[in-house]
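Chemist: Each chain is listed here by its residues.
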Amino acid sequence: MSALTRNNVVVRGNGSTAMMFAHGFGCDQNMWRFVAPAFEENYQTVLFDHVGAGGSDLAAYSRKRHDTLEGYAEDIIEIARELRLEDAVFVGHSVSAMMGIVAAAKAPDLFKSLVLVGPSPSYINDGDYIGGFTKAQIEELLESLDSNHMGWSMAMAPVIMGNPDRKELGEELTNSFCRTDPEIARHFARTTFLSDCRDILAGVHLPVLILQCSNDVIAPREVGEYVHRKMPGSKLVLMEATGHCPNLSAPEETIAAIKAFL
Amino acid sequence: MATPTDSFPSHPLQEDFEDFFENSLSGFLITNAKGEILRSNSRIAGWLGHSTEELKGIRFTELLTISGKIYCETHLLPLLRMQGFFDEVALELGCRGGERLPVLVNAYERRDQKGKPQFIRVTAYKATDRRLYEDNLRHARTVAETQLADEQATSVLREQFIAVLGHDLRNPLGVITAGTAMLLARSSLSARDAGIISLMKNSGARMAELIDNIMDFARGRLGGGMLLDRQPVLLEPVLCHVVAELRAAWPERVIETEFRLTEPIDCDAPRLSQILSNLLANALTHGAPDGPIHVNAFLEGSVFELSVSNRGKPILSVALERLFQPFTREDVRSSQNGLGLGLYIASEIARAHKGELTVVSTEEVTRFTFRMPAIKSSSTGCELFTSADGT
Chain S
0 MSALTRNNVV VRGNGSTAMM FAHGFGCDQN MWRFVAPAFE ENYQTVLFDH VGAGGSDLAA
60 YSRKRHDTLE GYAEDIIEIA RELRLEDAVF VGHSVSAMMG IVAAAKAPDL FKSLVLVGPS
120 PSYINDGDYI GGFTKAQIEE LLESLDSNHM GWSMAMAPVI MGNPDRKELG EELTNSFCRT
180 DPEIARHFAR TTFLSDCRDI LAGVHLPVLI LQCSNDVIAP REVGEYVHRK MPGSKLVLME
240 ATGHCPNLSA PEETIAAIKA FL
Chain P
0 MATPTDSFPS HPLQEDFEDF FENSLSGFLI TNAKGEILRS NSRIAGWLGH STEELKGIRF
60 TELLTISGKI YCETHLLPLL RMQGFFDEVA LELGCRGGER LPVLVNAYER RDQKGKPQFI
120 RVTAYKATDR RLYEDNLRHA RTVAETQLAD EQATSVLREQ FIAVLGHDLR NPLGVITAGT
180 AMLLARSSLS ARDAGIISLM KNSGARMAEL IDNIMDFARG RLGGGMLLDR QPVLLEPVLC
240 HVVAELRAAW PERVIETEFR LTEPIDCDAP RLSQILSNLL ANALTHGAPD GPIHVNAFLE
300 GSVFELSVSN RGKPILSVAL ERLFQPFTRE DVRSSQNGLG LGLYIASEIA RAHKGELTVV
360 STEEVTRFTF RMPAIKSSST GCELFTSADG T
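Residue numbers (numbering that gives the first Met the number 0), protein chains in the order written: chain S, 0 to 261; chain P, 0 to 390.
Watch out, some of these pointers could steer you wrong.
[What the hints assert, rightly or not] Below 20 Å or equal to it, Euclidean Cα-Cα: the simulated DMTMM-like pairs (lysine to aspartate or glutamate) are:
| hint | chain 1 | residue 1 | chain 2 | residue 2 |
| --- | --- | --- | --- | --- |
| 1 | P | 115 | S | 252 |
| 2 | S | 63 | S | 77 |
| 3 | P | 115 | S | 251 |
| 4 | P | 353 | P | 289 |
| 5 | P | 33 | S | 77 |
| 6 | P | 113 | S | 251 |
| 7 | P | 200 | P | 255 |
| 8 | S | 258 | S | 39 |
| 9 | P | 33 | S | 142 |
| 10 | S | 111 | S | 125 |
| 11 | S | 258 | S | 221 |
| 12 | S | 105 | S | 145 |
| 13 | S | 229 | S | 252 |
| 14 | S | 229 | S | 125 |
| 15 | S | 134 | P | 61 |
| 16 | S | 258 | S | 40 |
| 17 | P | 113 | S | 252 |
| 18 | P | 33 | P | 149 |
| 19 | S | 105 | S | 125 |
| 20 | P | 33 | S | 239 |
| 21 | P | 125 | P | 158 |
| 22 | P | 353 | P | 363 |
| 23 | P | 33 | P | 52 |
| 24 | S | 229 | S | 251 |
| 25 | S | 111 | S | 73 |
| 26 | S | 63 | S | 125 |
| 27 | P | 115 | S | 125 |
In short, the hints are calculated from the structure, not lab data.
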């Protein structure tokens, strides 16, 4: 199958340089809806959904391939190859920031620079390293996803699609954005929050922009500073935006920071 | 948990919106666009074990347990920003004493004319009982899944046992059959002894057939499927051979045949013999002993048809419905019936040939008809036919 169908790739804009936007855990390409249009005038924008999210092909999900960030990075490389991208700008939010680093290391010709929004190479505190969470806290998160306490509202299609007689089940779900298959979300959470990419940061020698929010519980300031220290070519911008999603909560500030970097 | 405002107020109670807000059954939060609490009601503050004053300025995700925080930051807040609301989200409040309070949360964002978010309103309902109910449902599902897995494992074992038993019965039976054949070849037997040995030989053949049926059944149910070996065959001699065998076993009965088969038919001939053998044995067992049995087979256009008709009491309509199911037998005469696999296997062979086996039973005649599309091309080779129940 084409990676473009698999990942529900949407290409817009004009320009010889492409900008690829990758969403993080818990959402889909809608995450970029207030940011990406600002670049359409001068760039070709490429948006996509990770397999399991949004309009991606759930059948393409593989427990094996998508067990590591490397598998997701392979998906990104395949999309880029199919679109014949070269020297593109990669913009990755949250866990996708790390996928971008993995992809850049595997396929050095693809990207000329990386924009990392709220990146974290590892979420768990480890000795001197501050990831923001204790191991027990991450285990609690994964456990609560396993028991599906929160899945009620994240749930989408498969259960419902398997019940053609009960279409009303699908219609009751009012949330139309950021839908995720609950099984896949569970596995993706595991892949995301147990990943440790600290060792590969130093291996990427591209211009890198790190956008660090204030008051971000998921990727606290210490983490952003750690990434900045480990990546020699990086620039760290501390944003006024709070929370983990400046692309939604503070699109103007996000756009301005990326434009200044480009 | 303490609900401070429920204590007796010093002033007379007055119904107003202020009282409604503070003492509602729901917890209310109003935050700025960034999610920092501007105001909370005493209800939610009481649940959390804080005063409303203490909650001011805190990001409301801070009130949640760790997994709720992550869920909120990665999913709920984006959702709120994109669609303006979220509904019925199950979260847990992390209270001051360390306990957790399951709540259902609704929230919406108020925006100005340009669509810029101004503030967020959050309503939380206590959902302890609902959480318990959900936990029970999940528990019941886990138990059901475990039981199902156990049953499936037992069922597989049982079918394997049948297959092994069927296989192991063949060897001793082979010795008996060979022994009777050797005895019959002797010229010194009295007529009475020869008769007894003939009966033994026929019973042995019948047992071999039953064992074949059991094996076929076990294989079909075990997911091995029915393996067809289709070859273009002139069927008449094949069918005549089956009829001759059964005539020999039932010398006192009349079996009349009419065959119009001039061209080869692409089929698995031993399997079609099995259909005829099963149908004919049925007719001999259940049909009127004094009535003739008719075996007709013809090839007309692209249809091959084989039918076996007998006289006798019609099959009860209740029994007709289940006739092609495994282990179906007429209870009244069960001693003659064997395992009740013959018709099931015959219909499976029919299905494997993309044909069908049907039955008509009236006072005059009971007729089983096997009909299949006759492919005259010379395509050969094996094809695997998997039983429709997917096992």
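Chemist: For which of the previously enumerated hints does the structure constitute a violation, in increasing order of number?
Modeler: Hints 4, 5, 7, 9, 10, 11, 12, 13, 18, 19, 21, 22, 24, 26 and 27 contradicted; others consistent.
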